[in-house]
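**Q** Letter by letter, the chains look like this.
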Amino acid sequence: MPIEFKLESDNLALFHISGELAEKEFYQIQSELGPIIHKLGYIKILIILKDFTGWESTEGWEDTSFSDRNDKLINKMAIVGDEKWRDLATLFTLKGLRPVPIEYFNANDEAQARQWLDNK
Amino acid sequence: MSDKPYIVTYLLPLSILSLSAALIYFSLILSQVVNELPFLLEKIEVTSKNIKPVVTEVSKIRELIPPITHEVTELRKKIPAILEEVKKTRELVPSVIAEIKNVREITPSILKEVKQTRESIPAILKEVETTRKEIPGLLVKGENIIKNAQQIAKKTGEGAVTGVFTGIIKAPFKLIGGIFNLDHLAYKNITSEDRELVLKATDDALNSGEINKSYAWSNENSKNKGTVTVTKKEMIESRDCRLVKFTIKIPNKKPIENEHSVCLNDGGVWEEYQE
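For the record, the sequence lines run as chains L and B.
Just so we're aligned, residue 1 is where the first sequence starts under the numbering used here, counting upward by one.
Just so we're aligned, residue 1 is where the second sequence starts under the numbering used here, counting upward by one.
Quick caveat, the hints were computed from the structure, so don't treat them as lab data.
You may find that some hints are simply not true.
Stated by the list, open to error - Label-pair distances were calculated between CB atoms; the ranges are:
1) B:V103 / L:D63: 44 to 52 Å
2) B:K223 / L:A107: 58 to 66 Å
3) B:A98 / L:E4: 54 to 62 Å
4) B:E99 / L:Y27: 49 to 57 Å
5) L:N106 / B:K223: 51 to 59 Å
6) L:E4 / B:K223: 54 to 62 Å
7) B:R104 / L:I3: 51 to 59 Å
8) L:E8 / B:E105: 38 to 46 Å
9) B:E196 / L:G34: 29 to 37 Å
All C-beta atoms, glycine included, are put in the ideal place defined by N, C-alpha and C.
This is chain L alone, in the form it adopts within the complex (with noise of 0.2 Å):
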């Protein structure tokens, strides 16, 4: 399962992704949040790439409406990954278009990740 999901304490949501991302599933994991995000009435983000392999290279990845949706509940979003990933990645998420913190980490910091998160 390339995207798994756990909510842990501090309303932080923890993503583990693998292999390829498809779009289907990564929308799919998108309407699953939402309804968390609003009942938490806020929420922190650690994505985790892990043998991650890119995007499913179809047409689409257009709809950012959970973005406008949401934005104003996320705190913060980091994403921890290999090096390779950062510039897409960093896209992918917007990150300086969205009122979102969000920040890069490398493969090996996923604490650093976490302590960024707390950090008010």
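Following the hints, position chain B against chain L.
**A** For chain B alone, coordinates are given in the frame of chain L:
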């Protein structure tokens, strides 16, 4: 005995003299009365003329008395209800005073909050400014990376990145450069707030893609207002450009009307065309 006729002899003429004097005085007074009589008659006539409207007025006033009495009676009937209402209002006063007291107690903390918010505004504005400055660079970087991603390999999923960017940046919204030049002499009377509104209207006009649709702006503070209209799509030096018409109305001044060409730069930002 010889004295008595002597006294009578003197008293009689004296009496006659007194009577004559009295008659003379009476005649004199009578003459005065006769002299004043026409004037008195005239006065009486004038007074009698005035009496008639007074009597009419009194009659009218008398007619008004019953409705006034009725009105007073009705008002008197309402007094208990009014007193009851006053009593109820009086009972509410303590709770109103308590509420005012509560509000008064909260006010300092609200003012403190407002002060803190105000203090953080410059930092927020600085952050916004920094972000705005970074966006064009990010867009350029984004396009370059998309180009690189296209070249790297399709299996990495450059489609996802280009897809997201297509959704967010390329269509339908494009940002207008913060450096858009409005420093022409013609615009010297517009305020910085006006400039922001002009830029916003320009942004809307350019990103709507519509030709000859006017986007109005109005600043209540400066009382200035205007419209921005894209009047023509054109290619200048192989660049995608638009001819934009600006009208600005400043109170007590002749309206300003100018046209400028704006073109998309390599970073996907509209900027004024400089020859």
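**Q** With reference to the structure, classify each hint as holding or not holding.
**A** Each hint tested on the structure:
1. B:V103 / L:D63: 44 to 52 Å: Since the Cβ atoms of V103 (chain B) and D63 (chain L) sit about 47 Å apart, the hinted range of 44 to 52 Å holds.
2. B:K223 / L:A107: 58 to 66 Å: With a Cβ separation near 59 Å, K223 (chain B) and A107 (chain L) satisfy 58 to 66 Å, so the hint holds.
3. B:A98 / L:E4: 54 to 62 Å: holds, 56 Å
4. B:E99 / L:Y27: 49 to 57 Å: With a Cβ separation near 51 Å, E99 (chain B) and Y27 (chain L) satisfy 49 to 57 Å, so the hint holds.
5. L:N106 / B:K223: 51 to 59 Å: holds, 56 Å
6. L:E4 / B:K223: 54 to 62 Å: Distance hint for E4 (chain L), K223 (chain B) holds at roughly 60 Å.
7. B:R104 / L:I3: 51 to 59 Å: holds, 55 Å
8. L:E8 / B:E105: 38 to 46 Å: Holds, at about 41 Å.
9. B:E196 / L:G34: 29 to 37 Å: holds, 34 Å
When held up to the earlier numbered hints, the structure conflicts with none and fits them all.
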